[in-house]
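One line per chain: the protein sequences are E, S, L and C, in this order.
Residue numbering for the first sequence follows the working numbering, beginning at 379 and increasing consecutively.
Residue numbering for the second sequence follows the working numbering, beginning at 379 and increasing consecutively.
Residue numbering for the third sequence follows the working numbering, beginning at 22 and increasing consecutively.
Residue numbering for the fourth sequence follows the working numbering, beginning at 22 and increasing consecutively.
Where hints are given, some of them may not hold.
[Claimed, not checked] With a straight-line cut-off of 20 Å between C-alpha atoms, the simulated SDA-like cross-links for lysine to any residue are: (1) C:Lys264 <-> E:Ser660; (2) L:Lys264 <-> S:Asp650; (3) C:Lys83 <-> C:Asn98; (4) S:Lys555 <-> S:Met620; (5) C:Lys260 <-> E:Gly639.
[To be verified] Label pairs and their calculated CB-CB ranges: (6) S:Ser660 <-> L:Gly442: 38 to 46 Å; (7) L:Gly539 <-> E:Glu519: 36 to 44 Å; (8) L:Thr478 <-> C:Ser120: 53 to 61 Å; (9) E:Asp601 <-> L:Gly147: 53 to 61 Å.
Keep in mind the hints are simulated off the structure, nothing from the lab.
Keep in mind that this is a model prediction, so the values were computed, not measured.
All C-beta atoms, glycine included, are put in the ideal place defined by N, C-alpha and C.
Here are the chains, one letter per residue:
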Amino acid sequence: MSEYTMKSYKSETKVTWCPGCGDFGILNALYQAFAEMGWDPNNTVVVSGIGCSSRAPYFFDTYGMHTLHGRALPIATGLKLARQDLNVVVLGGDGDAYSIGGGHFLHACRKNINLTYIVMDNNIYGLTKGQASPTSDTGFETNTTPYGTVEKPLNPVGMALSVGASFVGRTFAGKIKEMKPMFVEAFKHKGFSYIDVLSPCVTFNKENTFKFYKSVSEPIGEDHDCKDYMKALVAAHEPDCMKLGVFLNQDLPVTDEGIAGQTKSLAMVGNDAEITKSIIESYS
Amino acid sequence: MSEYTMKSYKSETKVTWCPGCGDFGILNALYQAFAEMGWDPNNTVVVSGIGCSSRAPYFFDTYGMHTLHGRALPIATGLKLARQDLNVVVLGGDGDAYSIGGGHFLHACRKNINLTYIVMDNNIYGLTKGQASPTSDTGFETNTTPYGTVEKPLNPVGMALSVGASFVGRTFAGKIKEMKPMFVEAFKHKGFSYIDVLSPCVTFNKENTFKFYKSVSEPIGEDHDCKDYMKALVAAHEPDCMKLGVFLNQDLPVTDEGIAGQTKSLAMVGNDAEITKSIIESYS
Amino acid sequence: MAKKSDLVIRVSGESGEGVISTGDLITLSSSRAGLEVYTFSTFPAEIKGGNAMFEVRLSRDKLFAQGDKVDVFLAFNQEAYDMYIKDLNPENGVLIYDSDAYTPPTVEGRIDYAIPLTSLAKEEVGALITKNIVTIGCLVGLFDLPYDSIKDLIIEKFTRKGEKVVENNLKALDIGRQYCSEKIKKQDPYSIDEGSKTEKCIVVTGCDAIGMGAIVAGCKAYYGYPITPATDVFKFLAKELPKAGGVIMQMEDEIAALAGCVGASYGGVKTLTATSGPGVSLMNEVLGYSSMAELPIVLVDVMRGGPSTGLPTKTEQSDLNCAIHGSHGEGPKIVISAATVDECFYHTIDAFNYAEEYQLPVILLTDGFTGGRKEAFPIPDLEKIKIVDRLRYQNVEDEDYHRYEDTESGISPISFPGDKGGRYTATGLEHTVKAKPAYDPDNRYVMMNKRFRKLQTFLKNVECCKVSGDKDAQIAILAWGSTAGACYEAIERLQNDGKKVKLIVPKILYPFPEEEIGKALEGVTKVVIPELNFTGQFAQLVKAAFSNKVEVVQYNEYLGLPFKPHQIVDKFMEVSQ
Amino acid sequence: MAKKSDLVIRVSGESGEGVISTGDLITLSSSRAGLEVYTFSTFPAEIKGGNAMFEVRLSRDKLFAQGDKVDVFLAFNQEAYDMYIKDLNPENGVLIYDSDAYTPPTVEGRIDYAIPLTSLAKEEVGALITKNIVTIGCLVGLFDLPYDSIKDLIIEKFTRKGEKVVENNLKALDIGRQYCSEKIKKQDPYSIDEGSKTEKCIVVTGCDAIGMGAIVAGCKAYYGYPITPATDVFKFLAKELPKAGGVIMQMEDEIAALAGCVGASYGGVKTLTATSGPGVSLMNEVLGYSSMAELPIVLVDVMRGGPSTGLPTKTEQSDLNCAIHGSHGEGPKIVISAATVDECFYHTIDAFNYAEEYQLPVILLTDGFTGGRKEAFPIPDLEKIKIVDRLRYQNVEDEDYHRYEDTESGISPISFPGDKGGRYTATGLEHTVKAKPAYDPDNRYVMMNKRFRKLQTFLKNVECCKVSGDKDAQIAILAWGSTAGACYEAIERLQNDGKKVKLIVPKILYPFPEEEIGKALEGVTKVVIPELNFTGQFAQLVKAAFSNKVEVVQYNEYLGLPFKPHQIVDKFMEVSQ
Ligand SMILES: Cc1ncc(C[n+]2csc(CCOP(=O)(O)OP(=O)(O)O)c2C)c(N)n1
Ligand SMILES: Cc1ncc(C[n+]2csc(CCOP(=O)(O)OP(=O)(O)O)c2C)c(N)n1
Ligand code: SF4
Ligand code: SF4
Ligand SMILES: [Mg+2]
Ligand SMILES: [Mg+2]
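Excised from the complex, chain E in its bound form (with noise of 0.2 Å):
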């Protein structure tokens, strides 16, 4: 048992979600998932992006770093490669993710940078008062798309698989029993751990609500073998359903550890200025 509970990661800034906003179950579900690893708060830090998600770090008593749009992931890579003794785990929204962010979410994934990233996923732009995200529906209509978006969503989930995250998952703000365990399962998992929640927006998506999220979803089923890479992939693409658990869960090579590695095995021996002295003496 761990000697910290929900309690220990909670901060006393006031949560300044909308009432119903899907984003407070995934919260306390993350001080939960906390408290179950038993992370020294000292040595956690999560990081974000900008949204209404995004101001999650605000609500943790961790380290934080509320940060820019579409930047926690490089953000967190840099902290993380320099840093190995740390938690880190990144949080935002669809947009943040997708949208302005879904470069460095490729090559995050790509890496397989050792840390956990968790996408409040509402279908829309939360903060800047409703937008098409990229997983907005055809058709949706927002303040900009007044006659609806014509784009297809982007099926993030699949995206991860192809492009070589080592866990992926998605899971739905409504399963307030399920997000906890799955949040612990890619905690622990080596490389990086991404889940997809389904996270309504109360305020500005009227579409993706609650209980439209339950009927388009069902579980991937127990007998899905998530060590096998086919399988999720096809599982990630099925085109009329949206499976919710653990698609991928494999030990792939860490670039963060590896580049660690390369530094530990090439580090000359003596103090810094030892170290320093020779490698200048090696120019003249």
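Given the structure of chain E, go ahead and fit chains S, L and C with the ligands onto it with the hints provided.
Relative to the frame of chain E, chains S, L and C with the ligands by itself:
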């Protein structure tokens, strides 16, 4: 028969690539494919980013844009949506496309923009004289990874399929005869057509040579059904072999056409001044 | 008690309670009734549960600013009261409160009207939702707001919701009005005269006006990415641009948004994007390409408090430096400002005209304050508005086209895809007149000069500043952007007090209009430059050009709030001692 | 004929023919032999088949610049001859050419030495690959280049390739040397004296020196993205940083590179990224975050010709504006410059120290010219170098930690993850001392002042300029970055000619060191500011501060080439009339 020949598209600018560079073959196949399409050079725009490969527009006697590192796709998207009458072909390198341009690539695929994107993939940064690209193999030694690249390579063909491109192919600069017909097929396709062309950098990449590519690739096979999305996805992610051929060629909704269609259906009747006037007066 | 018919009314309550729509209704109907209107509002930074505030100033005379103090404050709840009561004019300030909701303490000298707004709506009208209209009715009863015009607008607005709704709302209006004329003993001096304005006006926000200006200028492509407070431009155009035959698309980020514009521009299409600080920072690289490849685009920056994410819902004028200097290296661009809502409209058209004429990026700076508030301005006479299109290459197949011809003006005729004989590759590399990459010193010299020569041509052709006040004043105030409004009102007051003062309002910020400002500064010994920023960004440019001729006095505020006229008056008095 | 022992040798031929390595060998061995060295090279912009050029200046006396003219030009082929012959000193210039490759026309007054370099290597040595060493041998024979030192370096360099290779190369050296002493009739006045320098030196490029400086400063994380000409910093650190226990990673773009640095900085790790213009444009947003969240990073900009992709392989000083003003809004940062290769080393250390001490981003500006050429400088005495670390929060669990405490210096003690009781969320929003978002005016006022106060503290603590020349000169030259070199040499010449002139070289560019420059300008009536840019970027800052006191004369070149000493001398003469 078209009134145009290869020559119709060739500019007088000297091609500045290193002798033996794979890009020469691609360039020639493109001239041929343009001719087969019978495209009016005055209605054709070749857009590129920055890199050795991205110098291609200068070698065409069409309209062209040599733009910024990684930004060819959004620029071409903006052009195509505003000028639906033009043939827009985007060219570039693997660094341009998948590293700095990765986010744009993802969204061009998802939006299924009606243009053709051909990536000259040499698994290296050529113009900056040899650094790892997202498609470089693990262990690859370059001047910025002297102890070997740690990351695993991206599978760009798999990614394109996963994020929604409606035409996806891969070919090889050594296959002079196969390139042209595949390019023509891509040009004819309505929607985002994307081809990754393996194209050796003879100066900086001593690993991914013509010989190497030949040894690791094989045709996707006659029996592959390029209307079948799931088959395409599986073929693209097969672990041990790089398939060459057209993975997918499906008709899917095209965003730029959809948006232009919305405009068409909403556009008011009358000349510009009349329309403007009535819009303004609705705010009085 | 002398009647006072220049009135600032503030309404505040829970966001979502219809505070903003109440204000909008008063504003539009008052303008229609011939009154001058000037509004200001703030939204909660948090999504829900925050406080919203709407302020409208009404007058028979032209209004330039928000006013110094609130004359009438309608506070729906305790929180609103607590937040804003400090801004109420201590002389004759009127507090109106919903007596069903709370009871404020009595304060010496303040005029309080307790009105049971909730129960009037719920019981008398029979629909709580009409509380806002009841409120408007009260204001009509108390201050003679234009009843007929309000009535018409209510009918216009609610008709599509059915007769019953119209009826209910008209009833609400009358109940409020009646309650106040009958039950409230009027103790205040405020009463709105009948309006005198006869021109038909449009009533829009600065952001709407920018969108409108773009449509008038011939913009046919908008690529955007949402960001507060610039999203309102996007929203306006999303609705209206397709009607005018233009296309609009949300891109994946700001880089892609401006990139899309550059693509459209190459295609010969006029194009716009609007963003705020963080977006501008991201657009710098593409902006440089637009300058180098000479592909015109218009970029609107609705400035908010910086740096970084800063104060996203507050106003500031701190992006001038970034607009001028944000992109690496040196390429010509034009930076202009819009001080008022009508300038948002007209200067957007200018921005397009400049971009097209000089083939370069034009940045229009406005700010959250101007972008978000409504003003009324006369319906523009479209026939009098000049629209400029790019100098086109007269295409002749087989002629040797020099895309970047080294002309006297610096402007080179451009071809668009489709033009025969005009084929060329646009490029961000240094290039020859024929658009081929070239790095040799001689060519470099020619092309750098050619590109920058456009700015000289521009400064020769354009009027850069508005100068008002006393020609022979020794003290001048120089204000750009939204700060100008408070200054207009301030110099009016100062002149009424017999002070000599000159006001210089530059519209063109970059290239720095040295000659024109120099002329305006003739005879001036001190120039005061109020700016909503920390470092005095425009003041530095003035100093670089004129500190050997005139004393430059910086006056900087950076609290996220616009200047008020009295601040400018006070500063003038301080400086003139 | 007087012997001349300040010698500029240029070697040019097909890129890939070993031009650069020939130059490197001469440079390092000459430095080891106690000579002063100063190099310059250009690469072809096209990948292959272009021309490469290497230039080295050798002297007994301290060198500051590249020199005005080439004294000895070794052209391997016709193309090299055609490109560069114009730069050869018309007085006593020596052309050496490979008589196996081509025959240049004879020119009146020029000294030509025809040497069959190809056949000497192929036939006499028996290995064409030794042509470069034969060439070096010739230079030894002709101009007394330090034979022993060259021999030692050849042995050192080729030993790992086997005895046979060493032998061959030594033979090549002797064959070249012998050929020239025996077969060439020396007609020129050049001969290199023995070196007098005794300190042991390192010979590196500016980019190498930056990487070295970073290691000395304690940098443990480098996140990068390749771009010419800054990739050389990345290359150096990729090789060396892991040896010093640091991590290095290529990111997907420049935004991610600086973002990575900010992450490492939050973790308490010293961190660097290096880029050039286009990368800086992209980094502006993250830079603003670094400033607002007070997370120190060092950003090196190895400037190249702009705007946009511009002149990627040429040098320029046109990113100063972008460095100072590129990010939206207003956050404090420090911009410093490095004029020489040793300054690249020492000022990088300073950059880290400033960043750490003041908790803000520091941008070090250098340029392609300085970044790419080699100089020798004495091996630094590490014990004398001061290294600064951030003021740490002395963590006590349960104490109430104020991350952004409003201190007198503006500097607030920082905690690092792992520190007990130091938990806080770094933020780009305006915030309270406890790092909580806050938008109210009072807090805003305090925090803006606190952040900018750091710059005042900084200016009080630091020496900003080097001033040399005559104290009471009326004309001063003010030069920043690589331009300073040519000016040092120029004022030496001017002083030798009896002119009075002062040279001011600011190291700190932003915050503008007004006090120090003001002091340096006392008694000066005209200040000439040569800059490699179009608009006179630093000159504008000087004007804003001092145009009421001194006449500012801009001198701008923007051809992609560094200034030469004689240009500065000429400008001085023009201005002093
Ligand atoms: C560079 C930049 N562009 C745009 C914005 C404005 N912005 C803030 S949050 C946001 C999107 C929010 O959507 P999402 O990431 O899905 O988060 P949510 O609010 O839905 O949780 C945008 C566009 C910004 N802050 N910075
Ligand atoms: C913003 C920006 N960053 C970096 C560069 C430098 N740069 C030019 S080309 C290139 C990569 C080239 O690789 P690739 O796209 O694979 O093209 P290739 O040369 O291999 O054809 C880089 C990093 C740049 N021009 N602009
Ligand atoms: S706006 Fe939507 S996403 Fe944001 S807090 Fe409210 S419900 Fe949640
Ligand atoms: S460097 Fe490589 S990619 Fe570039 S032109 Fe040469 S061979 Fe081709
Ligand atoms: Mg969202
Ligand atoms: Mg490549």
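- request: Any hints from earlier that this structure breaks? Give me their numbers in increasing order, please.
  value: 3, 7
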